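Numbering-wise, the sequence shown is residues 95 to 367 according to the numbering used here.
One or more hints might be untrue.
Claimed, not checked - The calculated DMTMM-like cross-link candidates involving lysine to aspartate or glutamate, where the alpha carbons are at most 25 Å apart (straight line), are: (1) K97 - D127; (2) K219 - D127; (3) K137 - D164; (4) K137 - E123; (5) K161 - E173.
Derived by calculation from the structure, the hints in this document are not laboratory data.
The model shown is predicted, which means the values in this text are computed figures rather than measured ones.
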Amino acid sequence: MTKPLEGKTSIITGASSGIGLAIAQAFAEAGSDVVIVARGAAKLHEVAQALRAHGGKVTDVVADLTKDDDIARVFAAVEHLDVLVNNAGASIRARTENVTPAQWRSVIDLNVTAAFLCAQAAYRKMLEQGGGRIINVGSVSSRVSRRHSVAYTTSKFALDGMTRAMALDGRSHGIAVSILNPGNTDSAMRDLGGPGGGGGQGRADAGGASGAGGVADGDLAAGYQHAGCDDFAADDAVFGAWLGGLCRHALLHPPTAPAGEEIHPAPAGAEVA
95 MTKPLEGKTS IITGASSGIG LAIAQAFAEA GSDVVIVARG AAKLHEVAQA
145 LRAHGGKVTD VVADLTKDDD IARVFAAVEH LDVLVNNAGA SIRARTENVT
195 PAQWRSVIDL NVTAAFLCAQ AAYRKMLEQG GGRIINVGSV SSRVSRRHSV
245 AYTTSKFALD GMTRAMALDG RSHGIAVSIL NPGNTDSAMR DLGGPGGGGG
295 QGRADAGGAS GAGGVADGDL AAGYQHAGCD DFAADDAVFG AWLGGLCRHA
345 LLHPPTAPAG EEIHPAPAGA EVA
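Sequences and hints are given; from them, build the entire structure.
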């Protein structure tokens with residue numbers, strides 16, 4: 095039986111642990127050629143070797159995505175790109191009055207600027223190809239704020255807006271731009287063996303509500319529970335999705351509108367279960 099992502103090439107950032115690692119494994123199992131990206135060389139190489147041992151077709155690229163040259167190098171590693179998963183992110187927990195300029199920039203530079211530049215690089219490739227999928231990993235914090243998370247919450251609201259704007263621009267070119275908004279995630283729960291394994295100290299979402307898979311409010315989701323959402327958003331039948339909390343809004347085919355009219359994505363309050 096043909097695997098759903100057979101013959102496709104995907105880039106996944108922040109892929110050495112947590113949600114990114116879970117998505118990388120899910121995509122590899124679904125047949126995609128996977129390019130995994132992270133800053134830490136040792137951990138990334140370890141993940142790549144483990145994925146290959148499980149039959150995955152994996153290339154690992156060590157990169158600091160706050161550096162323009164590193165972003166260019168990541169996207170030069172592939173001739174054709176079907177899916178980008180923009181997962182790399184950072185968070186700080188500090189009272190508003192205590193956030194330093196350096197702390198603010200460290201979050202915004204990675205969560206917003208680097209995310210945009212990666213998405214833009216993917217978008218340019220996809221324009222030439224005639225289509226593709228960009229999946230941004232946001233946070234339920236773009237819906238419900240938490241105390242002492244001003245930089246992180248700001249960055250995730252920005253990422254949500256960026257997703258909506260790029261989705262409009264890409265729609266007529268066959269480029270679907272989606273966002274996954276997970277809640278609290280225990281990134282140490284995921285290894286290459288499945289639920290309950292010990293994983294690395296990777297990105298755990300800073301949101302304050304449940305993420306996916308029937309996780310109750312206040313509980314932690316495991317990274318693998320989000321990976322199915324990305325499989326869904328990467329499917330050719332899905333033309334844009336906002337996934338998060340316990341709700342899902344999806345547009346299952348490119349929309350059409352009367353001449354002279356523009357179709358806008360559903361507002362935040364229009365999500366449906």
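Consistency of the hints with the structure:
1. The straight-line distance between the Cα atoms of K97 and D127 is roughly 12 Å, inside the 25 Å bound, and the hint therefore holds.
2. Between K219 and D127, the direct Cα distance comes to roughly 17 Å. Compliance with the 25 Å bound is thereby established for this hinted pair.
3. Under the criterion of a C-alpha separation no larger than 25 Å, the hint pairing K137 with D164 is consistent with the structure, at around 18 Å.
4. With a CA separation close to 20 Å, the supplied pair K137 and E123 stays within the 25 Å bound.
5. Under the criterion of a C-alpha separation no larger than 25 Å, the hint pairing K161 with E173 is consistent with the structure, at around 21 Å.
The structure meets every hint from the earlier list without exception.
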